[in-house]
Amino acid sequence: MIEQDLPDQDVADRDVLETDQPLLIAAGLGKSYGRIAACRDVSFSLYPGEVLAIVGESGSGKSTLLQLLSGQLAASAGHVSYRMRDGVTRDLATLGEAERRFLFRTDWGFVHQDPAQGLRMAVSAGANVGERLMAVGWNHYGRIRDTASDWLTRVEIDVARIDDAPRTYSGGMRQRLQIARNLVTEPRLVFMDEPTGGLDVSVQARLLDLLRSLVAELNLAVVIVTHDLAVARLLSHRVMVMKGGRVIETGLTDQVLDDPREPYTQLLVSSILPP
Amino acid sequence: MNAPAYNFAYLDEQTKRMIRRAILKAIAIPGYQVPFASREMPMPYGWGTGGVQVTAAILGPQDVLKVIDQGSDDTTNAISIRKFFARTAGVATTTATDEATVIQTRHRIPETALHENQVLVYQVPIPEPLRFLEPRETETRRMHALAEYGLMHVKLYEDIARFGHIATAYAYPVKVNARYVMDPSPTPKFDNPKMDNCPALQLFGAGREKRIYAIPPYTQVVSLDFEDHPFEPYRFNAPCALCAAENSYLDEIVTDDKGGRMFVCSDTDYCESRQAAGHHGSQSAAPYKEKAQGGSHD
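Chains X and E, in that order, are what the protein sequence lines are.
In terms of the numbering used here, the first sequence has 142 at position 142, counting the first letter as 1, and numbering is strictly consecutive.
For the numbering used here, add 1000 to where a residue sits in the second sequence, where the first one is 1.
So that you can see chain E by itself, here it is in the shape it has in the complex (with noise of 0.2 Å):
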């Protein structure tokens, strides 16, 4: 069924162990950034390399595995991840939300509410929360030790003095367990407080970086503000116009030069079993639907 030249799920055991010690670490202090020794992955930098190792070190023969991209199943990036993981460990993928036990994303939460037996994957390109702040890492280190976080406020201060609000719209920092400050890495902004107290295992992976972070299960997850400018989630305030969702993240897609645009759920999953269910909106086209991918791969 595989190809026999690969150990199942590509990396080698001895690789696996040493990343879910990191894993075990990283649960066991919520927020806390692990060091790993990342390995090359057939893939370049950017694309996911620290989601897909955490991913192939949790994966097992049972797992049914779902990989999105900016909230699509069917993009470049998502599809051949989901593929690599169909070859080289025989799971069954799929893309929907409900049935998957293994997420891995890049930059959504999913909008469908995430159980207690699945495991979110993010693929993180930097995991630095203070980076732009604080450019020695042994310094940042240091304030991560002692807790000193107001650094992450003059960046906040700054959009409000510059923007009138705080205009940090993604990968917006959030303080974990009330100890660490983590960026949840550029999720956009309107997907932070699904993290908070999620049933789901959140493990963070960052490749180049070489660093895993997590959230365990019903773990706080604070996003940062001051008294007088709270956090507040933006939403592109219009229905989804296929499915009429209210409540979901919304893509704009430029229809053409005109000015002409539409806003669609960006959760794909999300708006085709809306639509599947009867749901239309505004632009809704004739009925048609890719097969989904479910079930196991041949």
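Bound-form chain X, shown alone (with noise of 0.2 Å):
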């Protein structure tokens, strides 16, 4: 076949091959602390503009597996692969440390729990949001702070307070910005630790929605870990249920969380507290 005949038809494949493959395959993984086993064969893959919850209960290994993931801790087992923006898949551990940096500020997004860490709570939240920008080599103040001003009206902050520090704003909108610092630079990936955590119900409410809508909006794969089924349910495709560092159920969201099978994931469900 003469491939310059068909051109359409090959974007179309190569549109295929980008939803087809996963973006990133975990397997086998697991880390222990001596004798310790804080997650064990843990393997799944992930799709482009998949979200994937990780819930269980504080100690269920929810947080070292989402360390793993994301390159911050090196697994005792396993590995974990991610398909760079070529299109090849390679191993986390043989990136060299700049190569994995330089993932993580372009590619990659992080959101703590904590804005304080995710967010430098002393500069302005424009230079905040820029930070990556600049880091990647934008070199021309007035396009640095366009592309703060939109971001920040994108996740709903009064474009009047750019200048301000974070430490002036309140709980809900450190953690807004800190969704607009890890979206600039458009990655592909995004881990989130228990993003609502610590927030009121009606500031978690509107962060939720602004999360879905951006995910869907960007085509975001992501990696949520969470202790709040509700926040699973609301945000993500699939369920993984950890307990004493392995995953027991695993499914779609809907299909795990109405119609549980481990014991365990049954407790889970029935423990949330009616309204």
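Hints were generated in silico from the structure; no laboratory data involved.
Do not rely on the hints blindly, as some may be mistaken.
[To be verified] One side of the interface only, derived from the structure: several residues of chain X facing chain E at Cβ under 7 Å:
no., residue
1, Leu-92
2, Gly-96
3, Ala-98
4, Val-123
5, Ser-124
6, Ala-127
7, Glu-131
8, Ala-135
9, Asn-139
10, His-140
11, Tyr-141
12, Gly-142
13, Ala-160
14, Asp-163
Positions of the beta carbon are idealized from the N, C-alpha and C atoms, including for glycine.
Combine both chains into one complex, guided by the hints.
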């Protein structure tokens, strides 16, 4: 077949390829501290645009798993591969530190539970959003500022507050700012560690609404760690339930939450307080 | 001639070898901060212990030393360091930039263009340009190693957002040899262009922080900026009141409590030699000139 005869077909093939291949693959992932296994034998594939929730109680290994997936922690067993922007899937452990850090501030995002960890509290909101752009070589103040204001608008922060430090922001605004800061380089994969933790319910609802629309708009793949099943239900397509460092149940969100198979998952689902 | 209790130039030879090794490494990697085992010197930190150690390590009996503090040859700090080396090394000292082979400086680069046979030694309080943006030393080292300098622009961005222009007026960050971002010590940004492609060797010593770094002769030094907010050296727009120089860096001197002030060259040697050559400013007094301290000491 002569390729240039069918350019449209070719493009279509590539698009199919884009969504058909997993973005992130975990295979037999484990981490142990001496005799204590924080996380054991976790395997899954994450596809572009897919939201995966990891739920479980405190100490079940959720956060360890998130750190393993994002390459912040070296795994004791198994490996994580990621499909880079050039289409090549590579093992994270084989990336150099420079490559890993570059990936972390361009193609990935990481939303911390505590915004103070993910933001520079002493510099203005505009600079917080612009930092990643400057890190990849943007050198035009006007354009950086325009992009920053654009993102503040998208996360529903008043542009008039662009020069205020996040110290002066409320908890919900800080969390939205942290999201803007992460999404400004248009990453394909975002890790979130309890993004709604510590916020009151109305602020939580607004943040979840915002996250849901941004995820759909940008076709983001998300790995979200939460102990709040309502968050998992609202945001995610798939759910992984963890207990004692193992994945005990996995499936479509509604399937797992409405028809839990494992006794522990049943307990978890039935523990939700009715409003 | 010298007090025999001291080795030549105060430091013992092993210490000087150690410092020279650090200097050689610093020259080999322009702008990179080389750790060294900084010694206690007979002066407090902040008075130029780093610069003094570098000077002591490179000084030879034939050298002619000039020491300046904020451009001036006759402030306490400059005089005491000059006397220190006159006593411990017996080297000739001078105030004339042209005659000096080693110039130790705090906060200024002389106005007179430097030449190839000179070494400029800077006293540095805080060598890490990223320090106030990233407090962790482990992290700043990694950022230098991977050339991650986005954060430096965050500081400049903050300046523009707050003041409308890059308000950093001294210790203005530079990129050396297109690789390392470096703190030029608290020199005014007026002096930054003089570092670029300078024929003299420039050495930086930070005693308390135990770091030495260098700019070899004829090395590219670029001040960081934004495309739409380019680097601009700042100079108060007035001629020197004593020598009428239009292109030198000026000190503002308050003369009374009614708002009176005069602007004079901060580089005293430059100002005096211009006055000696017949230049007069608006407030030149009757000619009086302290005898230059040139020649060898007895």
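Results for each hint:
The restraint placing X:Leu-92 at the interface with chain E is violated, with a minimum CB-CB distance near 17 Å, outside the 7 Å limit. The interface hint given for X:Gly-96 is violated, since its Cβ lies 9 Å from the closest Cβ of chain E, which is over the 7 Å cut-off. A cut of 7 Å between beta carbons decides the hint on X:Ala-98: the least distance to chain E is about 5 Å, and the hint holds. The beta carbon of X:Val-123 comes within 5 Å of a beta carbon in chain E, closer than 7 Å, and the hint placing it at the interface holds.
At about 5 Å, the closest approach between the beta carbon of X:Ser-124 and any beta carbon in chain E falls short of 7 Å, and the interface hint on this residue holds. Of the supplied interface hints, the one on X:Ala-127 holds, with its beta-carbon coming within about 5 Å of a beta-carbon of chain E, less than 7 Å. A cut of 7 Å between beta carbons decides the hint on X:Glu-131: the least distance to chain E is about 5 Å, and the hint holds. The restraint placing X:Ala-135 at the interface with chain E holds, with a minimum CB-CB distance near 3 Å, inside the 7 Å limit.
The interface hint given for X:Asn-139 is met, as the beta carbon of that residue sits about 5 Å from the closest beta carbon of chain E, less than 7 Å. Against a cut-off of 7 Å between C-beta atoms, the interface hint on X:His-140 holds, since the closest Cβ of chain E lies about 5 Å away. Interface restraint check for X:Tyr-141: the shortest CB-CB distance to chain E comes to about 4 Å, inside 7 Å, so the restraint holds. A hinted interface residue such as X:Gly-142 counts as satisfied when its beta carbon comes closer than 7 Å to some beta carbon of chain E; here the least separation is about 5 Å, so the hint holds.
Nearest Cβ of chain E to the Cβ of X:Ala-160: about 13 Å, over the 7 Å cut. The hint is violated. Among the interface hints, the one on X:Asp-163 holds; its C-beta lies about 5 Å from the nearest C-beta in chain E, closer than the 7 Å criterion.
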